[in-house]
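Number of protein chains: 2
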Amino acid sequence: MSQEYAVIGKSVPRNDGWDKVTGKAKYTGDLKFPNLLVGKILTSPHAHARILSIDTSEAEKLPGVKAVITHEDVPSVKYGISPARWDENIFCIDKVRFVGDKVAAVAAVDEETVYKALKLIKVEYEVLPAVFDPFEAMREDAPLVQEEYPRNINTEIHQNFGDVDKAFAEAYYVRTDRFKGQRTYQSPIEPHSAISHWDRDKLTIYSSTQSPHYFQYYIAREFGLPMGSVRVLKTHIGGGFGGKLEPTGLEFAGAALSKLTGRPVRMFYDRHDMFAHNRGRHAQFMELKTGVDKDGKILAVHANFVMDGGAYTSLGVASAYYAGALLTIPYEFDNYKFDMFRVNTNLPACGAQRGHGHPQPRFAFESHLDNIAQELGIDPVEIRLRNARKSQTTTLNEFKVETCALTEALEKARDLSNWREKKGKLTSGRGIGIGVGSFVSGAGYPIYRTDLPQASAVIKVNEDGSEVTLYSGSVDIGQGSDTVLCQMAAEAMGYLYEKIRIVSADTELAPHDFGAYASRQTLMSGAAVKQAGEEVKAQLLEISAPGMGVTAEELDCREGIIFVKANPEISRTFGEVAREFFVKKGPLVGRGVYHVPKLGGKFKGAAVGTSPAYSFAAQIAEVNIDEETGEVKIEEVWDVHDCGKVINPALLHAQVHGAFYMGMGESVWEQVLFDDKGRIINANLAEYRLPTALDMPRFHSDLVDTIDPNGPWGVKEVGEGATTPVMGCISNAITDAIGVRINSLPLSYEKVWRAIQERKKNKSGE
Amino acid sequence: MSQEYAVIGKSVPRNDGWDKVTGKAKYTGDLKFPNLLVGKILTSPHAHARILSIDTSEAEKLPGVKAVITHEDVPSVKYGISPARWDENIFCIDKVRFVGDKVAAVAAVDEETVYKALKLIKVEYEVLPAVFDPFEAMREDAPLVQEEYPRNINTEIHQNFGDVDKAFAEAYYVRTDRFKGQRTYQSPIEPHSAISHWDRDKLTIYSSTQSPHYFQYYIAREFGLPMGSVRVLKTHIGGGFGGKLEPTGLEFAGAALSKLTGRPVRMFYDRHDMFAHNRGRHAQFMELKTGVDKDGKILAVHANFVMDGGAYTSLGVASAYYAGALLTIPYEFDNYKFDMFRVNTNLPACGAQRGHGHPQPRFAFESHLDNIAQELGIDPVEIRLRNARKSQTTTLNEFKVETCALTEALEKARDLSNWREKKGKLTSGRGIGIGVGSFVSGAGYPIYRTDLPQASAVIKVNEDGSEVTLYSGSVDIGQGSDTVLCQMAAEAMGYLYEKIRIVSADTELAPHDFGAYASRQTLMSGAAVKQAGEEVKAQLLEISAPGMGVTAEELDCREGIIFVKANPEISRTFGEVAREFFVKKGPLVGRGVYHVPKLGGKFKGAAVGTSPAYSFAAQIAEVNIDEETGEVKIEEVWDVHDCGKVINPALLHAQVHGAFYMGMGESVWEQVLFDDKGRIINANLAEYRLPTALDMPRFHSDLVDTIDPNGPWGVKEVGEGATTPVMGCISNAITDAIGVRINSLPLSYEKVWRAIQERKKNKSGE
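Taken in sequence, the protein lines are chains R and H. Quick note on this note's numbering: the first sequence kicks off at 1 and runs consecutively. Quick note on this note's numbering: the second sequence kicks off at 1 and runs consecutively.
This is chain R alone, in the form it adopts within the complex (with noise of 0.2 angstroms):
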């Protein structure tokens, strides 16, 4: 491999790592600018409430405050990031529908006089009744979060391939399980934060966002500007894991604050905010039923979920979709029923997490699939490798997958964790045990509803070839795509990777691209970002053939030497001919985009379409159980990815580590938790129990290896999909240690100790 590529396939340093380790970075919120206002938005503190006057002339009364507005003062169009489901105002109209639920703002000269002023805001309500149970929102008397959403349904899928029923009849064995997933929360480091600078006919929106290019989108669209009015980029982010990836109150509510003030103002969540407003995992209820043969081959799935969408739509109607679309690539079958209500409730909008809406859906099929394997006496491993899918096979529900070694990974992590000599062999059920998951997760998924370009890039050569910008709409948001994407740069051009600086996140100075969500960007704007390195080079070894002696097919150009393939001595430095480029013909610049190719056939359901390419993996983990407490310590994980080619080993490992560390808390220790008037209860970190580097446990990340056609020099996706196993793994394990199935998440300490009680109650009972 380090032969074939030159600067790929290299764990070269992030270039970023130097500012952020040395306190340089700067976030939004570290941002300063002249006569910088402070704005903040005042919430709701009912669940459910009709808006019957806001009386705002006390607040606007208070030095230092320069703006007070209410949805008076604003757009009164909707927005939304799911298509067609646009039901969010800046500022609630008739009505409030959660605890936070938005009503007003002020931008003042301090985040004190902020807070006095917010107090000063009299808002008089008539509560109406709330719902917060999704299975209770769908009665027919239940109250409606949304007028437009009939028992509140706010999606309802119905899916059917292939014909279920009778696959059952003839299974050897049919069993159905229910599950349950909580509501968790993406935790980031930083809160979400944003500086809108509205100066005349030019708005600028500094924010923590996966996406400037969304953002543009759909703030332009709110204020009635052209996009090349509105420019949004983010300067370093703090994490995202899909909170960050629709725009906020925070940059609408700036915005018109700003335009009203004509100051810039930076609006910002604290912590507690952030609970309400960041969109965190859906809570969903899962039904499975699954027919197998007396193999243990899979037959018939039919999942019949329920997913508590909270009152508004967010990224849910995608969420819904990958909840049961997803289920059906790691295992081949051919009969698959999938049935989904996502359902709004008043409590704060659910959206995308880390792995979207599958984790959840796989922890229970993999809790499923472990519960049929044992009434088969099937090892788990063997159940997997037995249904596991091969390259080269298209899915039921018509995803094609042109690669897939999860074969190879189940044995590689069977092989590395011993599992052999331990499943069943440690001091299962009485304290220790194993357990095995499977994922798989996309490379992204195509926005189908715009025919723009996935991704693009821009490359500019300097004068002497000393320097390269690339210009990318990509956004890192501390995974290392800006380090990725210029070592992929430095490889298409043949050139340095220390050479490469990169200008991302920035919708004035790069190119459209999508952002950093559904783990898109090492292949679509990778792949942008190669076919405009590679135009670089073409153009290099144009130039430098006639003076070479050859035509340029004969030419290459790796690490900065040009160079006769046939007669490496001849050569020529990229510098050099870069130099003669300008010099004859101008800037040498490249140019890349990335549409997705047609993959698969036609699809069924509008939100989700299919990836260009899919990562799988399986893991193992090993936990050791305190029978007197239930505490739950997860001892050793052994992680087998097949993700395509890796660019940079080191930042892979870290999304793995890192994939497994949230996957974990959300496995054993984390849950948002409400009142009975639908308040957030453990809305802060020291409640809101994450794990800390402590928990975590001695951790094997290891490879398979596939070459993916669809992806640039074979990439598939690494960032999201390794949290996606991590639920069905952990419950495995812990079945494994206890001998009793916990069905729903999270696996805390005391449902681990209660299950052990009923255990023992059960056996001392028989």
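A pair counts as met if it fits within one copy or between any two copies, since identical chains are not told apart.
Within a straight-line C-alpha distance of at most 30 angstroms, the following computed DSSO-like cross-link-like pairs (lysine-lysine) qualify:
1) 259 - 32
2) 422 - 751
3) 119 - 677
4) 20 - 32
5) 10 - 202
6) 259 - 26
7) 294 - 390
8) 297 - 412
9) 422 - 180
10) 32 - 202
11) 24 - 61
12) 61 - 119
13) 585 - 598
14) 751 - 633
15) 400 - 584
16) 633 - 763
17) 202 - 26
18) 585 - 400
19) 297 - 422
20) 202 - 24
21) 259 - 20
22) 598 - 584
23) 584 - 202
24) 585 - 202
No wet-lab data here; the hints were simulated from the structure.
With the hints as your guide, set chain H onto chain R.
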């Protein structure tokens, strides 16, 4: 005209105007960075002295001091901006050469500490004999300022075209006059400032520079870095006028201090420092001998000049060549001899100031020509008309002049000013007078010592055409080039000015351009921008042609509408087609580059190349002299310019006003004065007598049309040249008013009063 072009030729508002008038515009000294240190240079108190020792130990001990550096801590590579005359070091090594020469530098936490620390540096000097007069400096026994230049002759030029002696012998009248021009200072409103940050392998310098790409080259060379490791950029500049063209000690010392401390360092010159370091106009000693026939037609000229260069070369080689080379252009003649000695003295170095070396020789020649006219009884306008250059001629020193409307300009100025009614018919000789001057200025003098293009540009259109980003290495130093280049981009693309954003003067983001000097940008940077814009337009026409049922050649685009030329009803919008392009082909990018065409013939004298185009003008001034006090009041001025196609009339006339204002100050009030130790005695804006707005005359800036084939859309120059005729024009008006010629600048009240006294004494003695 307004029909011919949609965007150029209109006084669109300048794109930096709002920020400047509201105080939002940030200049280098306004920028804030975390951990910013303040740095200052310790300068020499002696005009000429050997450095025996430097003791920095006490300064280093002062709390708050972060670094103290001398020549021992920095590279000893000599630098300079004139080719092959590199004679400066970051800090003096062996000796100091003028009061203000650079000896050491300090970086500390604040200004107070910096100034304290400077006083604690102990430098032991052996004072050497100094020389302040260029004629004395050329004596064999004079102390040598720079050892490598015998008799202190830094630059020596002897050119001889035609047969001067023969022409003099055959002339009807031969006259010799001697003139003197004084040392002046550019007086930009913003003093020099530079913030350097050497952050690991990247040195970033924010500087008040007229040419980031020049700075980048010289700084990279000094520190042995690849160009791409140095990023130079500017925000806004408060005037340059030539004084901000070459890198100063601030950039070099700042870079070294930042490297040592690891922190950004802000260096600055205060107003006093500026007088010593801003590289103002050379004092010139000018002997002119001219032979004419009896009609006043010039037959031969001998220019014999000496320049006081100060201690270093700076841009003086070019100044020396310009002084003589441009004398041959406005008036046609065939025989010419030019002798020049640029001499080093122990005074601050002189360099480029608006008009470079040419305004003083122009003063001399215009005065000299009036003397001849008077002797022959020819009207001053008439003698100029008889000699005025015509279009499509070549000067004796082989400068090719494509367009020249000097004749029309003279006639128009004559008519507008009612010259015929006024010349000799005011109280001429008793207080009120009128004078005329002409000038030429090139639209940029190409850098011939490089094969690099003179300018380049890149244009990027966003995905729906709602925004266009123009990347240009050009530099807006207040003249409005960012505005003019955006107009040109819009015109070339067929789009709207309001849609164009510019990223200029940044070596990382923008492609190479030599920057703002020698009035080069409208023509040279503009040509690159035009080409880039046309490349964008061509791509749009190409892609829209098939759908519109025509060929690309049958289409045009104007103000955002692509239409069939023969049937403009058939049209599509720019944005719609831009989007189609992006969807089908990716980022829409245009590239432009400008190489100077091969113009004129062979050139004698390496430093000054031929310009692609020359602007001309006639200027007439009416003055009113208080015969009691000598006070000069410039009452009214008519300037008629032949400057090619005008892109932005408001900015053009602003340039003419500003250039006249500057020339007026140098004509009457401004002079840098020294004591007998070589110390400037009026290095402040109270005693260095700049005119104010109240001193401005009624000013008429008018035009004669030319369209030069060598400039984009026919542009030539304006910014610099209009300073050139002022001194001669005012000199001639004063002479008309008081009846006596004053041969040395400035034409101060005292000199005028003494001349009047002399005249009265002579008259009474007759």
